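Trainee: Now for the letters of each chain:
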Amino acid sequence: QQQVKQSPQSLIVQKGGISIINCAYENTAFDYFPWYQQFPGKGPALLIAIRPDVSEKKEGRFTISFNKSAKQFSLHIMDSQPGDSATYFCAASGASGTYKYIFGTGTRLKVLA
Amino acid sequence: DAGVIQSPRHEVTEMGQEVTLRCKPISGHDYLFWYRQTMMRGLELLIYFNNNVPIDDSGMPEDRFSAKMPNASFSTLKIQPSEPRDSAVYFCASILSGSSYNEQFFGPGTRLTVL
Numbered sequence: 001q002q003q004v005k006q007s008p009q010s011l012i013v014q015k016g017g018i019s020i021i022n023c024a025y026e027n028t029a030f031d032y033f034p035w036y037q038q039f040p041g042k043g044p045a046l047l048i049a050i051r052p053d054v055s056e057k058k059e060g061r062f063t064i065s066f067n068k069s070a071k072q073f074s075l076h077i078m079d080s081q082p083g084d085s086a087t088y089f090c091a092a093s094g095a096s097g098t099y100k101y102i103f104g105t106g107t108r109l110k111v112l113a
Numbered sequence: 114d115a116g117v118i119q120s121p122r123h124e125v126t127e128m129g130q131e132v133t134l135r136c137k138p139i140s141g142h143d144y145l146f147w148y149r150q151t152m153m154r155g156l157e158l159l160i161y162f163n164n165n166v167p168i169d170d171s172g173m174p175e176d177r178f179s180a181k182m183p184n185a186s187f188s189t190l191k192i193q194p195s196e197p198r199d200s201a202v203y204f205c206a207s208i209l210s211g212s213s214y215n216e217q218f219f220g221p222g223t224r225l226t227v228l
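Chains as they are written, first to last, in this note's numbering: chain A, 1 to 113; chain B, 114 to 228.
Next up, chain A with everything else stripped away, as it sits in the complex (with noise of 0.2 Å):
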């Protein structure tokens, strides 16, 4: 039940196309689901979070996704652009009244100039 499931695993894409991540939780207890970039050499870093009170959340290129019956939730990014090549993990956080994350297994993004 504390899994985060997230594909694909790896991703190519074309400067300017668009970029969808999607992971599934089974706890329905979590509230809350951030995006977290990482670049090589770096730690990750927060990029875009949602609360399950709303469906959609968008932050200039970058758009969450979130259906609540389906537990699933997505990370869009529009006009992708070289620079945005890095791994995305998902994750969900908040069952039990507690600050811990449970991951996802990351996405290794690549754009393509």
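Calculated directly from the structure, the hints in this document are not laboratory data.
Note that this is a predicted model, so its numbers are computed, not measured.
Warning: the hint list may mix true and false statements.
When the alpha-carbon atoms are kept at most 30 Å apart in a straight line, the in silico DSS-like pairs for lysine-lysine are as follows [as the list claims (entries may be wrong)]:
| id | chain 1 | residue 1 | chain 2 | residue 2 |
| --- | --- | --- | --- | --- |
| 1 | B | Lys181 | A | Lys110 |
| 2 | A | Lys15 | A | Lys110 |
| 3 | A | Lys57 | A | Lys15 |
| 4 | A | Lys57 | A | Lys5 |
| 5 | B | Lys181 | A | Lys15 |
| 6 | B | Lys191 | A | Lys42 |
Dock chain B against chain A, hints included.
Mentor: Using the frame of chain A, we list chain B on its own:
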């Protein structure tokens, strides 16, 4: 604020040696997390503290690993004795509970190589 600080950034040691990784969380943050990242297993939570008290150490792989947080501004992760399979990047992260967002702030990591 300088963010989460980790030291050393790189550590190369030989099998059997003791390794100590250090972390300084963001000032005022009351939760601290230690993670290990490998290609095979991704980001694994090892242990986390709340107000310097260990809350969940179920992710610590075995007794060779230990972590302490003697005060609010310092934590260590120790491996004794180290083994080649411990080679990984170790991250420390901190969070301020009760904030609007549950954002964990990660340090730059320590890349450990055990020969």
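Trainee: Give a verdict on every hint.
Mentor: Right, here's what the structure says about each hint:
Under the criterion of a C-alpha separation no larger than 30 Å, the hint pairing Lys181 (chain B) with Lys110 (chain A) is inconsistent with the structure, at around 38 Å. Only pairs whose Cα atoms come within 30 Å are accepted, and Lys15 (chain A) paired with Lys110 (chain A) is accepted, the gap being roughly 10 Å. The hinted pair formed by Lys57 (chain A) and Lys15 (chain A) meets the criterion: a straight-line CA distance of about 23 Å does not exceed 30 Å. Restraint check: the Cα-Cα separation between Lys57 (chain A) and Lys5 (chain A) comes to about 20 Å, which is no more than 30 Å; the hinted pair holds.
At most 30 Å may separate the alpha-carbon atoms for a hinted pair to count; Lys181 (chain B) and Lys15 (chain A) exceed this at roughly 46 Å. The hinted pair formed by Lys191 (chain B) and Lys42 (chain A) meets the criterion: a straight-line CA distance of about 22 Å does not exceed 30 Å.
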